[in-house]
Amino acid sequence: MITINKNENLEIERTKTGLRRGFVQIKSTVNFEIKRNLKNFFMMFIALLLIYLMSMAINLIQEGRGADAPEDPVDYIKSYLILIDFLIMIIATTFGGSIIAEDYNSHTGNLIFPKITKGRLFTGRMLARYLLSALSVIIYYLLVGITTAIKYNSLPGTIWISMLWALLYTFLVLSFVAFFSSFMKSTSATVVTSILMILMVFNLVNSILMFTGVTWEPFFILTYYSSIITESFAMPEERYVERALRSRTGTGPTYMSWITPSVTGAIIGMLVYSAILLGFAYYFFRRRQQKQG
Amino acid sequence: MNNASLKNDEDIVISLRNVTKTFGSFIAVNNISLDIKKGEIIGFLGPNGAGKSTTMKMIARLLIPDDGEIWIKGNGSLQKLTHKSKDYLLDNVGFLIENPAFYKHMTPRQVLSYFAELKGYPKKLINSRVEEVVEIIGMSDWIDKKLGTFSKGMRQKIGIVSAIVHDPEVVILDEPQTGLDPKARKEVRAFIKGLKAKGKTVFISSHLLYEISELADRIGIIYNGQLIAFDTLENLEKMSKRSVLQIEILQPYDTEKTLVVLNDIIGKINGLSNLGKEAVTYNTDLKLFEVTFDGSPEKQQVIFDALAHSGLKVLGVSVPRTNLLEDLYLKYISQTDLGFEHENGEIEKTRVAVSVAN
Numbered sequence: 001m002i003t004i005n006k007n008e009n010l011e012i013e014r015t016k017t018g019l020r021r022g023f024v025q026i027k028s029t030v031n032f033e034i035k036r037n038l039k040n041f042f043m044m045f046i047a048l049l050l051i052y053l054m055s056m057a058i059n060l061i062q063e064g065r066g067a068d069a070p071e072d073p074v075d076y077i078k079s080y081l082i083l084i085d086f087l088i089m090i091i092a093t094t095f096g097g098s099i100i101a102e103d104y105n106s107h108t109g110n111l112i113f114p115k116i117t118k119g120r121l122f123t124g125r126m127l128a129r130y131l132l133s134a135l136s137v138i139i140y141y142l143l144v145g146i147t148t149a150i151k152y153n154s155l156p157g158t159i160w161i162s163m164l165w166a167l168l169y170t171f172l173v174l175s176f177v178a179f180f181s182s183f184m185k186s187t188s189a190t191v192v193t194s195i196l197m198i199l200m201v202f203n204l205v206n207s208i209l210m211f212t213g214v215t216w217e218p219f220f221i222l223t224y225y226s227s228i229i230t231e232s233f234a235m236p237e238e239r240y241v242e243r244a245l246r247s248r249t250g251t252g253p254t255y256m257s258w259i260t261p262s263v264t265g266a267i268i269g270m271l272v273y274s275a276i277l278l279g280f281a282y283y284f285f286r287r288r289q290q291k292q293g
Numbered sequence: 001m002n003n004a005s006l007k008n009d010e011d012i013v014i015s016l017r018n019v020t021k022t023f024g025s026f027i028a029v030n031n032i033s034l035d036i037k038k039g040e041i042i043g044f045l046g047p048n049g050a051g052k053s054t055t056m057k058m059i060a061r062l063l064i065p066d067d068g069e070i071w072i073k074g075n076g077s078l079q080k081l082t083h084k085s086k087d088y089l090l091d092n093v094g095f096l097i098e099n100p101a102f103y104k105h106m107t108p109r110q111v112l113s114y115f116a117e118l119k120g121y122p123k124k125l126i127n128s129r130v131e132e133v134v135e136i137i138g139m140s141d142w143i144d145k146k147l148g149t150f151s152k153g154m155r156q157k158i159g160i161v162s163a164i165v166h167d168p169e170v171v172i173l174d175e176p177q178t179g180l181d182p183k184a185r186k187e188v189r190a191f192i193k194g195l196k197a198k199g200k201t202v203f204i205s206s207h208l209l210y211e212i213s214e215l216a217d218r219i220g221i222i223y224n225g226q227l228i229a230f231d232t233l234e235n236l237e238k239m240s241k242r243s244v245l246q247i248e249i250l251q252p253y254d255t256e257k258t259l260v261v262l263n264d265i266i267g268k269i270n271g272l273s274n275l276g277k278e279a280v281t282y283n284t285d286l287k288l289f290e291v292t293f294d295g296s297p298e299k300q301q302v303i304f305d306a307l308a309h310s311g312l313k314v315l316g317v318s319v320p321r322t323n324l325l326e327d328l329y330l331k332y333i334s335q336t337d338l339g340f341e342h343e344n345g346e347i348e349k350t351r352v353a354v355s356v357a358n
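These protein sequence lines are chains A and B, in that order. Going by the UniProt record's numbering, the residue at position 66 of the first sequence is 66; the numbering climbs one at a time, nothing skipped. Going by the UniProt record's numbering, the residue at position 268 of the second sequence is 268; the numbering climbs one at a time, nothing skipped.
Hints are supplied without guarantee of correctness; some may be wrong.
Label pairs and their calculated CB-CB ranges [claimed, not checked]:
| # | chain 1 | residue 1 | chain 2 | residue 2 | range |
| --- | --- | --- | --- | --- | --- |
| 1 | A | V192 | B | A190 | 45 to 55 Å |
| 2 | A | Y283 | B | K183 | 41 to 51 Å |
| 3 | A | S106 | B | G138 | 20 to 30 Å |
| 4 | A | S106 | B | E298 | 38 to 48 Å |
| 5 | B | D11 | A | Q289 | 44 to 54 Å |
| 6 | A | G157 | B | K145 | 24 to 34 Å |
Just so you know, the hints here were simulated from the structure itself, not pulled from any lab data. Note that the coordinates shown come from a computational prediction; the quantities given were computed from them, not determined experimentally. We put the beta carbon where it would ideally sit given N, CA and C, even for glycine.
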């Protein structure tokens, strides 16, 4: 026999609406999303452990073959950060690919959207996924830091500066993936497109600009910001180099290659870039409607 | 529709006013108006693609109407559903839209607790409430299992309780019995009746006519995006029964001439000419004459008298058996297909075919 509500005489007093409800909903979403993405997090932990072990193995092999270990611990740290932008891309696509697209692709939106505004849902999800992404980056830096400290009996403080840049760059890449997720049909399409854009399109555009002789700093090239993660250990005096193209008749025209953004440029650039991407992502998410079932 | 007129009927909890939704050139919902009153079960019937889900999605604000307004009761009065009021007004409404899809790595306890929290259910009561609603559907043993391992029917049940976990006053269920076996359907039926017994309002769509006829206080039939009938089952049946007369005329007869005669004598009856282009038509399959009239018993008597004095060899006049909702449903839909519309474009809801024996 079915009975409804044992607490028959209980007067339900709901959490207040408005701002307080908004906070409760965002907090609940963060908690829920963290639980929901724990499996991804463990997989990511294994992946970054593998990258760390691979980097360590390369260092050990080189030393085993007679090469001297770097005298400066910074150089040793840098050897682990060769793939950091790639790692961040993997982290961001793992946690960000499904952030919006999934609810439309798998129709989970039919359950969730009537219960929370898209703005709060998006905020909660971004926070949760950024926390997990940031934690993954921090774990990697901790592994590198511990290894360096054991090997050199000291740890340069600049590693933490580098980590902060990595965390900011992670936010930027996550925003970029969220932007694609807001209008792509599925999670996998979002992941593939984001990776293609980061690995190929941005580099291609950068190369085209360089060779056409453009001299302005490529703030709109997302991948440009990743360079400060390693360059921050010792910022170069000149942030660009001029190179000459070789030609059959001798030296060809010169072009400008930017090495890294400045500290101020990187902070403002990444924040503005993220804000624009998140703004568009939210706009598309809010306007996006479930297809007729 | 102004605010004051909506406030007049205190029983109304949801009101749709001339709501229209299009997808490109396709009109999914066409100018629907209906009121849902507190404590009643409204059944929404229609074939696939008729506009049931679209209507419900508009109430849930998953889709935004292109035209018209939706009003929902909040704080004692009906208020217009907008982006701003959505959060607050939909607190008292629970939704199950289409086949529920869940995050498969999560458990019912996690998902339902999250939903209850989002809707402002008191945090200290959430766990007991979740256990309670899961117990209602007999799935207590599954409360901590991953949803990815559930069958379609089990997910459907969890979907149904997800609509009521925050204890809303109005529950909107879109095809809740899809994918359920007969035993589970019976359980869900009892569950919905239990909601009504608690004073909850239920708006349920289905293409399972039996389920609707068993549950609904009033039934809306939607077809091609239009609400072509909306009344109690009793009234719909009553209207249908009174309207349908089958008249058999002794053969052989000249169909064309008989039609002229019937239209001449019956078409003159006041009121019939408004209802269709021809008051009398011939059904070639049944070999019966069909007359359009407004369904009133008085008019029916006038038709009998006219037939008795027509000189036609009338063998019999009968009323088709339309007791079942299925007959009504098909009848209303077929009438719409035949395009019996008033000049202003409204569908004539009480038009019933009358077949006359020759």
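A quick look at each hint next to the structure:
1. The hinted range of 45 to 55 Å is satisfied by V192 of chain A and A190 of chain B, whose Cβ atoms lie roughly 48 Å apart.
2. The beta-carbon spacing between Y283 of chain A and K183 of chain B, approximately 47 Å, falls within the hinted interval of 41 to 51 Å.
3. At about 26 Å, the CB distance of S106 of chain A to G138 of chain B agrees with the hint of 20 to 30 Å.
4. Between S106 of chain A and E298 of chain B the beta carbons are some 58 Å apart, a value that contradicts the proposed interval 38 to 48 Å.
5. Taking 44 to 54 Å as the suggested C-beta distance range, the pair D11 of chain B and Q289 of chain A does not conform, at roughly 31 Å.
6. Checked against the given bound of 24 to 34 Å, the beta carbons of G157 of chain A and K145 of chain B, roughly 49 Å apart, lie outside it.
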